[in-house]
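**Q** In terms of full-length UniProt numbering, the sequence shown is residues 1 to 279.
Treat each hint with caution, since some may be false.
Listed next, with one range per pair, are the computed distances between beta-carbon atoms [what the hints assert, rightly or not]:
#: 1; residue 1: Ala-156; residue 2: Asp-207; range: 17 to 27 angstroms
#: 2; residue 1: Ala-168; residue 2: Gly-275; range: 27 to 37 angstroms
#: 3; residue 1: Pro-35; residue 2: Ala-156; range: 44 to 54 angstroms
#: 4; residue 1: Arg-130; residue 2: Arg-153; range: 20 to 30 angstroms
Bear in mind the hints are in silico, worked out from the structure with no lab data behind them.
Beta carbons: idealized from backbone N, C-alpha and C, even for Gly.
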Amino acid sequence: MPESREHPDAVPAESREHTLTGARGALFVREWPHPRPRYTALVAHGYGEHSGRYAGVAGALVAHGASVFAPDHAGHGRSAGERVVVEDFEDVVADVHLVAGLARAAHPGLPLVLIGHSMGGLIAARYAQRHREELSALALSGPVIGAWELPGRLLALDEIPDTPISPAALSRDPAVGAAYAADPLVWHGPMKRPTVEAFARMLRTVDEGGDVGSLPVLWLHGDDDRLVPLPGSRVGVERLGGALTERVHAGARHEVFHETDRAETLAQLTAFLDGALGR
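Whenever a hint applies, use it, and build me the whole structure from the sequences.
**A** In structure tokens form, the structure reads like this:
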């Protein structure tokens, strides 16, 4: 199996590996354990990437008192499935729920928080609609939610163009883009029509799926995010509701956890979790 490449500032953290039986076959899960955790955290990664790119986030959460669990979604990273094909995002939500069960079994009774980036933000939003009673907090980073125009534009074409994500769109830190470009577990090809269709369906589902009540929600976004523009996400975040905390980063691109001001972003995340968890 190829080695993953984490972003250059990744905080070293001991990790364990699990394999569960997900909706589409073998589901690979990374765990960054804490010897005496105060809470558990789930991390849902974005399109075309994998959980190993979140070692820095996991390191900050472990230092804050969490045990962290993060799956490679079906068709991504080290999990089973045709590369980057997601036929139904409800299956991916079910997989994340399976990982939540793993976390609860390891640490019964602890609060559970969910952090989703980009496509993972769409997954996390739907998870919160379906299972909000299980969550103590929800954090969304550059979430694909609301008025995201890309699926409609692509589906209007006879053929989806072979235009991979530009590494420069991720962060102002060139080392982040370089690590992404060299990572063999990242998908560097075009989007696939079944996945684009699934995105379009799930965007509608979340829009119509109701709010999340009083659940504490943190929304993090870069105001120079050209992959998932901020105004479109705002529409979805406002519909999702919850007790919202908004943090927009001036000049930041798509991956705020890997941006040049990532220490500030991680501090915002842990401060939000302190408030949500009553600590």
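**Q** Taking each numbered hint in turn, which are not upheld by the structure, reported in ascending numerical order?
**A** none
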